[in-house]
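Could you put the whole structure together from the sequences, leaning on the hints where they help?
2 protein chains.
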Amino acid sequence: MKIGELAKQSGLSAHTLRFYEKQGLISPSTRSESNYRIYNQNDLSTAKFIKRSRDMGFSLEEVEVFLSIRADKPAHICADAKDIAQQKIVDVGQKIKEMQQVLVALHKLSDACCGGSESAEFCSIIEALDDRPLTDHTSHQDKQVGTKEDVA
Amino acid sequence: MKIGELAKQSGLSAHTLRFYEKQGLISPSTRSESNYRIYNQNDLSTAKFIKRSRDMGFSLEEVEVFLSIRADKPAHICADAKDIAQQKIVDVGQKIKEMQQVLVALHKLSDACCGGSESAEFCSIIEALDDRPLTDHTSHQDKQVGTKEDVA
DNA sequence: CTTGACCTTAGACTATACTCTAAGGTCTAG
DNA sequence: CTAGACCTTAGAGTATAGTCTAAGGTCAAG
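Protein chains in written order, with our numbering: chain A, 19 to 170; chain B, 19 to 170.
Keep in mind the hints are simulated off the structure, nothing from the lab.
The structure presented is a predicted model; accordingly, all values stated were derived computationally and were not measured.
Careful: at least some of the hints might be erroneous.
[Said to hold, decoys possible] Calculated cross-link-like contacts (lysine to aspartate or glutamate; reagent style EDC-like; alpha-carbon spacing at most 20 Å):
hint	chain 1	residue 1	chain 2	residue 2
1	A	Lys106	B	Asp148
2	A	Lys40	A	Asp61
3	B	Lys91	A	Glu136
4	A	Lys26	B	Asp148
5	A	Lys106	A	Glu116
6	A	Lys66	A	Glu79
7	B	Lys126	A	Asp101
8	B	Lys126	A	Asp109
9	A	Lys126	B	Glu80
10	A	Lys20	A	Glu51
11	B	Lys66	B	Asp90
12	B	Lys106	B	Glu79
13	A	Lys66	A	Glu82
14	B	Lys113	A	Glu116
15	B	Lys91	A	Glu139
16	B	Lys106	A	Glu116
17	B	Lys106	A	Asp148
18	A	Lys115	B	Asp109
19	B	Lys69	B	Glu23
20	B	Lys113	B	Asp73
21	A	Lys20	A	Asp61
22	B	Lys91	B	Asp101
23	A	Lys40	A	Glu82
24	B	Lys26	B	Glu39
25	A	Lys66	B	Asp149
26	B	Lys126	A	Asp98
27	A	Lys113	B	Asp109
28	A	Lys66	A	Glu39
29	B	Lys113	A	Asp73
30	B	Lys66	A	Asp149
31	A	Lys69	A	Glu39
[Said to hold, decoys possible] If you anchor each label on the Cβ, the simulated ranges turn out as follows:
hint	chain 1	residue 1	chain 2	residue 2	range
32	B	Asp149	A	Glu139	56 to 62 Å
33	B	Gln41	A	Gln27	40 to 46 Å
34	B	Gln41	A	Asp148	15 to 21 Å
35	B	Asp149	A	Phe37	19 to 25 Å
36	B	Gln41	A	Ser45	37 to 43 Å
37	A	Glu139	B	Lys126	50 to 56 Å
38	A	Val108	B	Phe140	23 to 29 Å
39	B	Ser45	A	Ser77	35 to 41 Å
40	B	Asp101	A	Asn58	51 to 57 Å
Virtual Cβ for every residue (Gly too), placed ideally from N, Cα, C.
What follows is the structure in structure tokens.
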């Protein structure tokens, strides 16, 4: 199949497939007379493998390692793959924690502000970013707290 | 004070301050005879304001809006600031949810793999990324599950 | 008067992962 | 035979936010 077909079947774009080829992740098994990239079922599996890995949050560099393990499994051990996954778990977990902290801070910031059409003269958000003590200016509106949904 | 001093006191680097100047976020109140940037206390407040905003996860573009509100408060209303904060809360919340899903998937991926020095011939991670059904190969090790800490 | 710390500029480079463009060749249906 | 869909390449552009370099000027201390 040609690149357009592989794109359709793998969920990657033709552009991206060419880009991945430049990065050494996947290349067509053959070329047609007219120099078109020709892919087979094996290539499709590889493309899907890459797509799935990317969707799991792995970087192209990490995908490259997975691909090399996949290409010669007996030459590798499970730890090779698991180490990458474990590290990613740590990284993602860390990132989530950071973002949760940011979220809490954002809620504090936002909740103190009335958000109405009052002049921003005493806007709590600007004040807080300016390091002035956080004062509650929500009062000139019907204190509507409870907008916190997903702070862990 | 010169840029180095402002850098020290604001927590931003001199490089970054010059970069922010190019982006129109902050500029020295004056220049010395020798063309050095000279900042005053007001500039320091601004630099800190930017730093705090960045730490809260706001983009430079959003910081720019905050700065313009701050520069002329009566010309703005609280909603101008709160809208940005609310949108950021939505974005960060969404991002966290996505990452939590990735984290769950990563745990599934990782937990099925023994991670030992066994050949990767039947490595569950590679298999799963290859879309073969997830089989449990942890058994040739003392099934050590419970490595999940922070999946929400 | 020299050394070293600090400052200046424009512009290039980093990271990550694409995404698109220009200019052209190929193929298929009507 | 021609239109339109598809393919080719090298290389530039996008997004975000810095980070660094080269080549040079300034300034205070010793």
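- [ ] List, from low to high, the hint numbers that the structure doesn't satisfy.
- [x] Going through the list in order, the structure violates no hint and respects every one.
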